[in-house]
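*Asks:* Sequence:
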Amino acid sequence: MGRRARLAWTATLVVFLVAGPRSAANPTETSSSPGEYLITRWQAEDGLPQSTVTSVVQTRDGYLWLGTLNGLARFDGIRFMVLGAHNTPALKSNRILALLEDRAGGLWIGTEGGGVTRWYAGRFTTYTIWEGLAHDTVQCLAEDSRGQVLIGTLGGLSLWHEGQIQSHPGPAGSSAPVRAAVSTPSGRTALLIGEAIYWREGAAWRKDADRVGEDSIEGLYSGPGGQVWAFGGDVLKRWAKDAADKAHVIELPSAAPVGATLETARGDMWVGTRFGVLLRWRVGAWRTILNSQDLGQHPVRCLLEDREGNIWVGTDGGGLARLKSRRLDIVRPHRGTVTETIRSLASAPDGGVWLAAACGGLSFWRGDRVEPFDADGMLKPNVCAGPLLRTRDGCLWIGTSGDGLYRWNGAESRKLGSAEGFSEATILSLFEDREERLWIGTAEAGVFQFHQGRFRHFTTRDGFPARLITAIVQDAGGDLWIGSNGGGLYRYADGKFSLYSRREGWGGDFIRTLHVDGEGALWIGSGGGGLTRMKDGWFHTITTRDGLSDDIVSQILEDDFGNLWVGTNRGICRFNKREFEALASGKSRTVAVVAYGKSDGMESLECTGGLLPAALKTSDGALWFSTVKGAVRVEPGSLLTAGEKAATAQEHSLLAPPIVVIEEVWSDGARLLEAPLSRRESSDDAGNPPAVPRLVVQPGYQNLEIRYTALTFTAPEKARFRYQLE
Numbered sequence: 003m004g005r006r007a008r009l010a011w012t013a014t015l016v017v018f019l020v021a022g023p024r025s026a027a028n029p030t031e032t033s034s035s036p037g038e039y040l041i042t043r044w045q046a047e048d049g050l051p052q053s054t055v056t057s058v059v060q061t062r063d064g065y066l067w068l069g070t071l072n073g074l075a076r077f078d079g080i081r082f083m084v085l086g087a088h089n090t091p092a093l094k095s096n097r098i099l100a101l102l103e104d105r106a107g108g109l110w111i112g113t114e115g116g117g118v119t120r121w122y123a124g125r126f127t128t129y130t131i132w133e134g135l136a137h138d139t140v141q142c143l144a145e146d147s148r149g150q151v152l153i154g155t156l157g158g159l160s161l162w163h164e165g166q167i168q169s170h171p172g173p174a175g176s177s178a179p180v181r182a183a184v185s186t187p188s189g190r191t192a193l194l195i196g197e198a199i200y201w202r203e204g205a206a207w208r209k210d211a212d213r214v215g216e217d218s219i220e221g222l223y224s225g226p227g228g229q230v231w232a233f234g235g236d237v238l239k240r241w242a243k244d245a246a247d248k249a250h251v252i253e254l255p256s257a258a259p260v261g262a263t264l265e266t267a268r269g270d271m272w273v274g275t276r277f278g279v280l281l282r283w284r285v286g287a288w289r290t291i292l293n294s295q296d297l298g299q300h301p302v303r304c305l306l307e308d309r310e311g312n313i314w315v316g317t318d319g320g321g322l323a324r325l326k327s328r329r330l331d332i333v334r335p336h337r338g339t340v341t342e343t344i345r346s347l348a349s350a351p352d353g354g355v356w357l358a359a360a361c362g363g364l365s366f367w368r369g370d371r372v373e374p375f376d377a378d379g380m381l382k383p384n385v386c387a388g389p390l391l392r393t394r395d396g397c398l399w400i401g402t403s404g405d406g407l408y409r410w411n412g413a414e415s416r417k418l419g420s421a422e423g424f425s426e427a428t429i430l431s432l433f434e435d436r437e438e439r440l441w442i443g444t445a446e447a448g449v450f451q452f453h454q455g456r457f458r459h460f461t462t463r464d465g466f467p468a469r470l471i472t473a474i475v476q477d478a479g480g481d482l483w484i485g486s487n488g489g490g491l492y493r494y495a496d497g498k499f500s501l502y503s504r505r506e507g508w509g510g511d512f513i514r515t516l517h518v519d520g521e522g523a524l525w526i527g528s529g530g531g532g533l534t535r536m537k538d539g540w541f542h543t544i545t546t547r548d549g550l551s552d553d554i555v556s557q558i559l560e561d562d563f564g565n566l567w568v569g570t571n572r573g574i575c576r577f578n579k580r581e582f583e584a585l586a587s588g589k590s591r592t593v594a595v596v597a598y599g600k601s602d603g604m605e606s607l608e609c610t611g612g613l614l615p616a617a618l619k620t621s622d623g624a625l626w627f628s629t630v631k632g633a634v635r636v637e638p639g640s641l642l643t644a645g646e647k648a649a650t651a652q653e654h655s656l657l658a659p660p661i662v663v664i665e666e667v668w669s670d671g672a673r674l675l676e677a678p679l680s681r682r683e684s685s686d687d688a689g690n691p692p693a694v695p696r697l698v699v700q701p702g703y704q705n706l707e708i709r710y711t712a713l714t715f716t717a718p719e720k721a722r723f724r725y726q727l728e
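Residue numbers (this note's numbering): 3 to 728.
If you are wondering where the hints come from, they were derived from the structure by calculation, not from laboratory data.
Any given hint could turn out to be false.
[What the hints assert, rightly or not] Under the rule of at most 30 Å between Cα atoms (straight-line distance), these lysine-lysine pairs were calculated in the DSS-like manner:
1. LYS537 - LYS619
2. LYS382 - LYS631
3. LYS619 - LYS600
4. LYS417 - LYS619
5. LYS631 - LYS600
6. LYS537 - LYS498
7. LYS619 - LYS382
8. LYS537 - LYS589
9. LYS631 - LYS417
10. LYS248 - LYS209
11. LYS417 - LYS382
12. LYS631 - LYS619
With the sequences and hints as input, model every part of the structure.
*Replies:* Quick look at the structure:
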């Protein structure tokens, strides 16, 4: 660069898709009960410096910091950066016991035998007994309302203020070990010394007189609401926000000693025990979220809620666990079914749903129960059922692979065959038009129409040569659209068929599914050509290049908020139709696509297809997708922001937007950035808007390397970037 250059950067998350791993870490994925949490675990083999996590904090720049008994780790959701005595001389001990972020953004690291270290603006400062610390083993850290950092050590209490360490006489003698310390925004400060709790009142300390559970108190915790909690044994004590005289005692359902507590932003209380049990208190009742087997019976050492609402659990010997809310529910066929692959779905009048498993018969879901359904005993055991369709007269139609077509009227079943003029064995698609005529797509004989008790077969004599029919829909004008596997798309209007092929400008002739949306546009899912919309005679196609999870599109549904949901071989994705319209009209070059996969609760990414219907929208607005491992049930209203529910074009798929961080800047082998650079999340105390960080690069450099990340822990593998240099 021949002149003084200023580098301004912008990075925006625009598309969320499954990406390949960015590190060698492969955390263990497990899950608790459906509708609750997805659990991911990291241990030493996944990048942690050691599998005992003693403390965890999230700093304002978005990173998670983990204290272990073999060093400090910074975590961005994908990679661990490990700091210890081997690479950070300021850390005198690798045994980390406590972490704290102060109001200025400094990270405090309390160690066993190495004093306390503060990391601020890329620099480490260490305080030991030689700098006035009461003892070199630091057990706890807190910051009071005056900006003083309380350092609880084995040799008593020390205070840090404006760069200086000073010993503090504290209560119960100057050298009494301080086991825990907390301070609230309102100015209350409490210490745990021995088994006694002390409150600071002005310059003096007062011993708490409430002795309920005092002999078993293990620690203190201050929640976001300003309440103070003491825990230990099977007792929780809570002091209200502005009261330090009388504690409210909460009995725990487990007698195991409590190792950690957490109050979340929504008011839930979490408790982790020394036996590896995780409990949650919500709306006046306890619930066991994880039992001891889920965490391998490893004691819980610490708990944290991150800015996206995930719960982090540090254990003694079992590593780190993340609990995040399951965004998608899985409904499996009944237990006796030989397979979990779902081929088709149909809704019942009472809100239940029929599920057709691949050569596993039928199941019926109602609420939280799934039971076998044999259609009055007519179906053969483990029949390959599907597609399914409930018609307006209340009958359930059951197509099969190899066993023809059945109709169940609620009391009895009947197989339709040669007596009605139908002899085909394998059914691929079922559709009822506005005149209550049933259309049947077969695997070998094209399409049939059933009306007033008789079948009509459409053949080449009618201008319809296609044999393998995968989808049938009706548009707003009453025309029928019929998709075939390799034979293109047919339109049936005024008693005549007309053919549309890929020469018209759309994805491909191998059609997996069709859908007509609320505005009358026809959507075509192809077997490798992406997703095509036909509107006003014009075709427009999007593929993986535009953000789709995969170019094999097997299922299409529309929610109540103007979004289209697409089931593919690589998961489920959604986008706003207004954004698609802007793309199709040339007003935009991108569509913001949100992808859902295993990190959201799917157990397989592959949505089944080649049948219609393979997806279902029920009367309550829920969307159902058939997959090779159960049916996925989505409640769009629970996943969308207020802006998305209003069908705006603004895309917000996470609870909070990721913080973009420039971690390192190098030029010609020289490091130009001492500490990570990030945009502030919100306005400062004076109300100033977030500043755009800038880095000044001096003249003379030839090569510039920028290393950056986006800090999101809900699904970090989905992060995508858009950047601009000017």
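*Asks:* Compare the structure with each hint and give your call.
*Replies:* Results of checking the hints against the structure:
| no. | hint | in the structure |
| --- | --- | --- |
| 1 | LYS537 - LYS619 | 23 Å, holds |
| 2 | LYS382 - LYS631 | 22 Å, holds |
| 3 | LYS619 - LYS600 | 22 Å, holds |
| 4 | LYS417 - LYS619 | 27 Å, holds |
| 5 | LYS631 - LYS600 | 11 Å, holds |
| 6 | LYS537 - LYS498 | 21 Å, holds |
| 7 | LYS619 - LYS382 | 28 Å, holds |
| 8 | LYS537 - LYS589 | 17 Å, holds |
| 9 | LYS631 - LYS417 | 29 Å, holds |
| 10 | LYS248 - LYS209 | 12 Å, holds |
| 11 | LYS417 - LYS382 | 12 Å, holds |
| 12 | LYS631 - LYS619 | 19 Å, holds |
Hint check: no violations occur; every hint is consistent with the structure.
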